[in-house]
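S.K.: Chains as they are written, first to last, in my numbering: chain W, 8 to 176; chain A, 8 to 176.
A couple of the hints might just be wrong.
You can't tell identical chains apart in this list, so a pair holds if it fits in one copy or across any two.
Using 30 Å as the maximum straight-line C-alpha spacing, the simulated DSS-like pairs for lysine-lysine come out as follows [unchecked claim]:
(1) Lys149 with Lys55
(2) Lys149 with Lys99
(3) Lys55 with Lys11
(4) Lys11 with Lys149
I should point out that these hints are in silico values taken from the structure, not numbers from a laboratory.
The structure displayed is predicted, hence computed values, not measured ones.
Protein chains: 2
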Amino acid sequence: MTEKLYLDDLRVGRRLRSKSVTVSAQDIIRFARDSDPQYFHLDEEAAKDSMFGGLVASGWQTGALSIKLLIESADPPLAGPVIGVEAEIAWKLPVRAGDSLRVEAEVTRIVCPRRYADRGFVSMNVATYNQRDDVVLTQNVKILAFRDPGRIDAGSNQETPIPGSFPVD
Amino acid sequence: MTEKLYLDDLRVGRRLRSKSVTVSAQDIIRFARDSDPQYFHLDEEAAKDSMFGGLVASGWQTGALSIKLLIESADPPLAGPVIGVEAEIAWKLPVRAGDSLRVEAEVTRIVCPRRYADRGFVSMNVATYNQRDDVVLTQNVKILAFRDPGRIDAGSNQETPIPGSFPVD
Chain W
8 MTEKLYLDDL
18 RVGRRLRSKS
28 VTVSAQDIIR
38 FARDSDPQYF
48 HLDEEAAKDS
58 MFGGLVASGW
68 QTGALSIKLL
78 IESADPPLAG
88 PVIGVEAEIA
98 WKLPVRAGDS
108 LRVEAEVTRI
118 VCPRRYADRG
128 FVSMNVATYN
138 QRDDVVLTQN
148 VKILAFRDPG
158 RIDAGSNQET
168 PIPGSFPVD
Chain A
8 MTEKLYLDDL
18 RVGRRLRSKS
28 VTVSAQDIIR
38 FARDSDPQYF
48 HLDEEAAKDS
58 MFGGLVASGW
68 QTGALSIKLL
78 IESADPPLAG
88 PVIGVEAEIA
98 WKLPVRAGDS
108 LRVEAEVTRI
118 VCPRRYADRG
128 FVSMNVATYN
138 QRDDVVLTQN
148 VKILAFRDPG
158 RIDAGSNQET
168 PIPGSFPVD
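Same shape as in the complex, but just chain W (with noise of 0.2 Å):
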């Protein structure tokens, strides 16, 4: 085992579990600022009286949050770079200021090209939780990873396969 999950160290069925964070009041409103300035992101008196009932973070913060929780607080993390390449996303409930999310994926597919030794493609499962473990957050999500460069042979992945992963060309 390494000190962070690269590519060679994933299999289908692996489960990667974060540490918890925090989300302030003042986290929603910086990014709603640039990225998502609707007036329930950015203004805790306004919001009162949105459908929320007060602040409530992006949907594309929680996105974004989840998957930096992964690479910086699973145990061990997944190794960067992660590199989105599709995502299904469903938002299930309001991320309020305050609240303290967690993330659990599950590994469901790897499928490694022929003509690179050193990535793979990576579907996972995703999702985040709140104090309460209410799910908040489903995302299928299909990421590039890459190899541990110190455990690559000369080769292709045909030649050092990752064990379960489909090689395509």
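Based on the hints, put chain A in the right spot on chain W.
M.R.: Relative to the frame of chain W, chain A by itself:
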């Protein structure tokens, strides 16, 4: 026609086109610091040695920016609040510092819950283009959108339906 596009104005097949906005290195780095701190989003020099060969925007930033463009600069702009329910996202090409992005969207489905007079679920295919008209991002989104308060009769959606919408309980 009102100054903004409310649920009342949306029909299946309706197309929206945004203005374009240029994404700067500063925009990319500022987003990355909080939300996606990978080196190819953070550091112009270090990013030159990445698989992208230079600084690129976080996929979450381009996703958020695409919806923001529809709310702020479509002609007419989409009336807020716009609340994401689900999204199927595919990141097709990197977005680099200096790229100008614009969005085209088409309404594919409208579903109005009978219980609420003021809201409906709108599905849209959204494509984000760069200045070379390459598609950098596609999204099939389902959002919660709202009727123009000035045009809601007393009663439910069933009594004052959105033409072409599906009523659901």
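S.K.: Now tell me if each hint is right for this structure.
M.R.: Against the structure, the hints come out as follows:
Only between protomers do lysine 149 and lysine 55 lie at most 30 Å apart by alpha-carbon distance; the minimum there is 24 Å, versus 37 Å within a single protomer. In the homo-oligomer, the alpha carbons of lysine 149 and lysine 99 lie at most 30 Å apart both inside one protomer (20 Å) and across protomers (13 Å), since each shortest distance falls under that limit. Within a single copy, lysine 55 and lysine 11 get their C-alpha atoms only as close as 42 Å, which misses the 30 Å cut-off; across copies the closest is 24 Å, which meets it. For a Cα distance limit of 30 Å, the shortest separation of lysine 11 from lysine 149 inside one copy, 19 Å, qualifies, whereas the shortest one across copies, 36 Å, does not.
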